[in-house]
Amino acid sequence: MVKAARPTRADYYRALADSLPPQALVVTSLGNASYLWAALHHAPENFYLEDAMGLALPLALGLAIAQPKRPVIVVEGDGALLMHMGALVTVGAVNPANLTVLLIQNGVHAASGGQALTNAGLDLAQLARASGIARADNIATPEALAAKLQGSTTRDSAECLVLATEPDLDVVRPPAVLEPVSTKLRFMTAIGAPRYIPTLFGGGRLEST
Amino acid sequence: MPMALLDYFPAGAILHQQTRADNAHDELMLSTIESLADKVARNALKSAHCRIGKRAGQNLFSVDCRRKRHQLTKSRAERPDTHRPSEILDTLKQLGFGAVVSVPDGWLGEMLVRIEQEPTMRLVRATHEEEALAISCGIRLGGVRTALLVQNAGVLSMGAGMVSLAQRYQFPLLMLVSYRGTPDDPVFYHVPKGRVTEPVFRGIGLSYACVDRHRPIGPQVEQAATYAEEASCPFALLVSREDVQW
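Heads up: the sequence lines are chains A and B, in that order. Residue numbering for the first sequence follows my numbering, starting at 1 and increasing by one per position. Residue numbering for the second sequence follows my numbering, starting at 1001 and increasing by one per position.
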């Protein structure tokens, strides 16, 4: 729930950077969710979304399915979640144990200038539980987030942590241009994803190199 | 141009060369002749569409697939020698597809059940087609070949994700799209969706082809999948009822 005196996104991100599980893959939503994470903790195992609002969560779900041995952490905003709330139901249905959903609940559309949400006061943790994600909690401090992340290695289902956050409307300048195809190829190379090997007349396959 | 991709030699013509050298059976020769006749009919129709389109000032290609589907002779289609949905499933397995993401419709439902029973494939049932698109991108990002099975209406509602995610990041995705609202689709309320499907595909830059019901479906799926990988983009194969309804 959104309350007064909330931590900033940067406070949570520093806790996340210090508590990242080994081999973690991080998917970030549009706006400062990506720009600030790139500024604080750029790594090849980060997949930054720009635009494509509401699609970070389902993309991360797919990634968690394809990479079941690696922890996948997705940072999604409350506005983006409301745009594709059905994705929460799909996460609950698939329930991959390696997926951690961090929901930045700041009550506004921060990436587009701070416009009010349709409903800023929802209990998103309760919504996640109702969607089938049994492990869902509202988080109010970076320390609580760190404790949750450190205890997340042994669980058997997906987890959703709702981070009460102060809105950050000033756009962070990322350390480099987040060119989309480079981001994708860098990420796939870092995780050793199989590559498509073409053949002269079609019928190529994905093969590990 | 996407339509040209699947317009190779008809299967029957290739068969003709092989079987003549081997004193082929008469039935195979008959099949070849029928196939060539179909090809001639298709070309005649295509030419007619061009003339009609020029005269009426229409966008020719907006009606191309739908007209052919409706007007071609059904002699081959009425006695299919293979079960086309099985052929699609077998092709996906042979090509190493490890996942299928879908929002079902009436034609796709049973095929999804079959996919669910495949030990080498993972089926994800999404709540919305744009969400399904993003899940597919995520699975492909993780290194698993992925197909998206949706109705054409679902592609109409995934436009933003198509351009801002799948195309911007160049994700190769095979899309098998049930083509509802064609003249041979008996469900009347699909007609408005069928009418705009191909214009919208072209508008959002989605490469696509319509299945040729007179050719085996497996190679057409393989060619579509190959196009997606080699062009690093989604590719939609518009399929009809007999292609996917189990």
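Heads up, a few of these hints could be off.
Stated by the list, open to error - Restraint-style ranges between C-beta atoms, simulated for each label pair:
id, chain 1, residue 1, chain 2, residue 2, range
1, A, T199, B, V1163, 28 to 34 Å
2, A, V171, B, R1195, 37 to 43 Å
3, A, T189, B, I1204, 14 to 20 Å
4, B, P1186, A, E166, 20 to 26 Å
5, B, H1083, A, T209, 35 to 41 Å
6, B, S1086, A, G203, 45 to 51 Å
7, A, V171, B, D1090, 48 to 54 Å
8, A, P198, B, P1186, 39 to 45 Å
9, A, S112, B, S1157, 18 to 24 Å
10, B, S1232, A, A120, 20 to 26 Å
11, A, Y196, B, H1083, 27 to 33 Å
12, B, P1219, A, A120, 36 to 42 Å
13, B, R1125, A, E143, 33 to 39 Å
To be verified - Counterexamples of contact, computed for chain A against chain B with all Cβ distances above 12 Å:
id, residue
14, A64
15, P68
16, R70
17, A93
18, G114
19, L117
20, T118
21, K184
22, T199
23, G204
FYI, nobody ran anything at the bench for these hints, they're computed from the structure. Fair warning: this is a prediction, and the values are worked out from it, not measured in the lab. We put the CB at the ideal spot given by N, CA and C, even for glycine.
Hint-by-hint comparison with the structure:
no.: 1; hint: A:T199 x B:V1163: 28 to 34 Å; in the structure: holds (30 Å)
no.: 2; hint: A:V171 x B:R1195: 37 to 43 Å; in the structure: holds (42 Å)
no.: 3; hint: A:T189 x B:I1204: 14 to 20 Å; in the structure: violated (29 Å)
no.: 4; hint: B:P1186 x A:E166: 20 to 26 Å; in the structure: violated (56 Å)
no.: 5; hint: B:H1083 x A:T209: 35 to 41 Å; in the structure: holds (37 Å)
no.: 6; hint: B:S1086 x A:G203: 45 to 51 Å; in the structure: violated (19 Å)
no.: 7; hint: A:V171 x B:D1090: 48 to 54 Å; in the structure: holds (50 Å)
no.: 8; hint: A:P198 x B:P1186: 39 to 45 Å; in the structure: holds (41 Å)
no.: 9; hint: A:S112 x B:S1157: 18 to 24 Å; in the structure: holds (22 Å)
no.: 10; hint: B:S1232 x A:A120: 20 to 26 Å; in the structure: violated (39 Å)
no.: 11; hint: A:Y196 x B:H1083: 27 to 33 Å; in the structure: holds (29 Å)
no.: 12; hint: B:P1219 x A:A120: 36 to 42 Å; in the structure: violated (53 Å)
no.: 13; hint: B:R1125 x A:E143: 33 to 39 Å; in the structure: holds (38 Å)
no.: 14; hint: A64; in the structure: violated (8 Å)
no.: 15; hint: P68; in the structure: violated (9 Å)
no.: 16; hint: R70; in the structure: violated (9 Å)
no.: 17; hint: A93; in the structure: violated (7 Å)
no.: 18; hint: G114; in the structure: holds (21 Å)
no.: 19; hint: L117; in the structure: holds (19 Å)
no.: 20; hint: T118; in the structure: holds (17 Å)
no.: 21; hint: K184; in the structure: violated (5 Å)
no.: 22; hint: T199; in the structure: violated (9 Å)
no.: 23; hint: G204; in the structure: violated (6 Å)
In summary, the numbered hints that this structure violates are 3, 4, 6, 10, 12, 14, 15, 16, 17, 21, 22 and 23.
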